[in-house]
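Number of protein chains: 2
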Amino acid sequence: MDGSERGAAERMASVPLASEIEFLTVRVFVAGTRLANERLRPIGLRARSYAALAMACSDVPVRQRDLVALLELDPSQIVALIDELETAGLVRREPDPDDRRSKVVEATERGRKLFARARVVTASAERETFAALSVEERDTLRRLLRKVVFPVGD
Amino acid sequence: MDGSERGAAERMASVPLASEIEFLTVRVFVAGTRLANERLRPIGLRARSYAALAMACSDVPVRQRDLVALLELDPSQIVALIDELETAGLVRREPDPDDRRSKVVEATERGRKLFARARVVTASAERETFAALSVEERDTLRRLLRKVVFPVGD
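The listed protein sequences derive, respectively, from chains A and B.
Just so you know, we're using this note's numbering here: the first sequence kicks off at 1 and counts up by one.
Just so you know, we're using this note's numbering here: the second sequence kicks off at 1 and counts up by one.
Simulated from the structure, these hints should not be mistaken for lab results.
It is possible that part of the hints are untrue.
[Stated by the list, open to error] If you only want the chain B side, here are some residues facing chain A, beta carbon under 8 Å, derived:
| hint | residue |
| --- | --- |
| 1 | 13 |
| 2 | 58 |
| 3 | 129 |
| 4 | 148 |
[Stated by the list, open to error] Label pairs and their calculated CB-CB ranges:
| hint | chain 1 | residue 1 | chain 2 | residue 2 | range |
| --- | --- | --- | --- | --- | --- |
| 5 | B | 119 | A | 93 | 41 to 49 Å |
| 6 | A | 76 | B | 37 | 16 to 24 Å |
| 7 | A | 131 | B | 94 | 32 to 40 Å |
| 8 | A | 93 | B | 135 | 40 to 48 Å |
| 9 | A | 132 | B | 102 | 26 to 34 Å |
| 10 | B | 136 | A | 79 | 40 to 48 Å |
| 11 | A | 44 | B | 89 | 31 to 39 Å |
| 12 | B | 98 | A | 83 | 47 to 55 Å |
[Claimed, not checked] Computed footprint of chain A on chain B, listed as stretches where at least three residues anywhere in the stretch have a Cβ under 8 Å from a Cβ of chain A:
| hint | segment |
| --- | --- |
| 13 | 21–27 |
| 14 | 43–56 |
| 15 | 133–147 |
Please read all numbers here as calculations on a predicted model, not as lab measurements.
Here a beta-carbon is modelled for each residue, glycine too, at the ideal position from N, C-alpha and C.
The task is simple: from the sequences and hints, build the whole structure.
Right under this line is the structure:
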């Protein structure tokens, strides 16, 4: 942030919009995604493909249509994302044991290894994005956001 | 959320990705923007144009290039957004008293009136998006996010 941007940010902090959670969330999201993309680039991922790979690495089988709901992308974007990860040898599509019309997405060994590296990268990016907060404040923020995103079962 | 989406959300809540603040922020941002857009549509605004109008209604003169930094959009997107608001008679561009090469964006009387209505709409959308939180938790979330977005002067 240069001097002129800092001046703009200070002026901005005093306007009512700056207290609207939705607006603040957008700012945090954009800054966080930019940093995550930058840090993930050297290992061939970006925030979106990282999130899809993370799901494919979970112990629960993930269907393509789950990814549509969970990553908030269009079905065509999910297909393109999975294609990309599959071409890179990071995931594979398997028949869904519970539903013949559907496929589940599973990480390959190579995908799991890359994901382990990527988690270190995103954890460090998270610390940087939220550097203004103490560890306790970061945990509180996480807990409150989880409550919003997963209101059931928390 | 139907039964299948709820099931997906419950499975999702248990994977490590679901505790990453960045991922949670994306989810909150997408859901919040969707609701804000839906609620603002009847009065001819959407989240972006609302944010630009909000800035133009503040007591501080706002330059086009401040909006680029503050709304995290490209300069060409800001120009298009201001054009749109100007055509609708909601803002006007005035010469910047501090810098001849620049313009400031000011709300018209009509813009201020529409903004007053829009704030009621977005406040209600915010309550709905963050319905899982108590008033105190919502205030804590707001305070923590402000600290991230405006680390200076808070």
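Status of each hint after checking the structure:
1. 13: holds (4 Å)
2. 58: Since the shortest Cβ distance to chain A is 4 Å, the answer is holds.
3. 129: Cβ of residue 129 of chain B sits 7 Å from chain A, so the hint holds.
4. 148: Hint holds; residue 148 of chain B Cβ to chain A Cβ min 5 Å, cut 8 Å.
5. B:119 / A:93: 41 to 49 Å: holds (47 Å)
6. A:76 / B:37: 16 to 24 Å: holds (21 Å)
7. A:131 / B:94: 32 to 40 Å: holds (38 Å)
8. A:93 / B:135: 40 to 48 Å: holds (46 Å)
9. A:132 / B:102: 26 to 34 Å: At 30 Å between Cβs, range holds.
10. B:136 / A:79: 40 to 48 Å: Once the Cβ atoms are compared, 43 Å apart, the range 40 to 48 Å for residue 79 of chain A and residue 136 of chain B holds.
11. A:44 / B:89: 31 to 39 Å: violated (49 Å)
12. B:98 / A:83: 47 to 55 Å: holds (51 Å)
13. 21–27: With 7 residues in contact (Cβ-Cβ under 8 Å with chain A), the coverage given for the segment 21–27 of chain B holds.
14. 43–56: holds (count 4)
15. 133–147: holds (count 10)
In this structure, only the earlier hint numbered 11 is contradicted, and the remaining ones agree with it.
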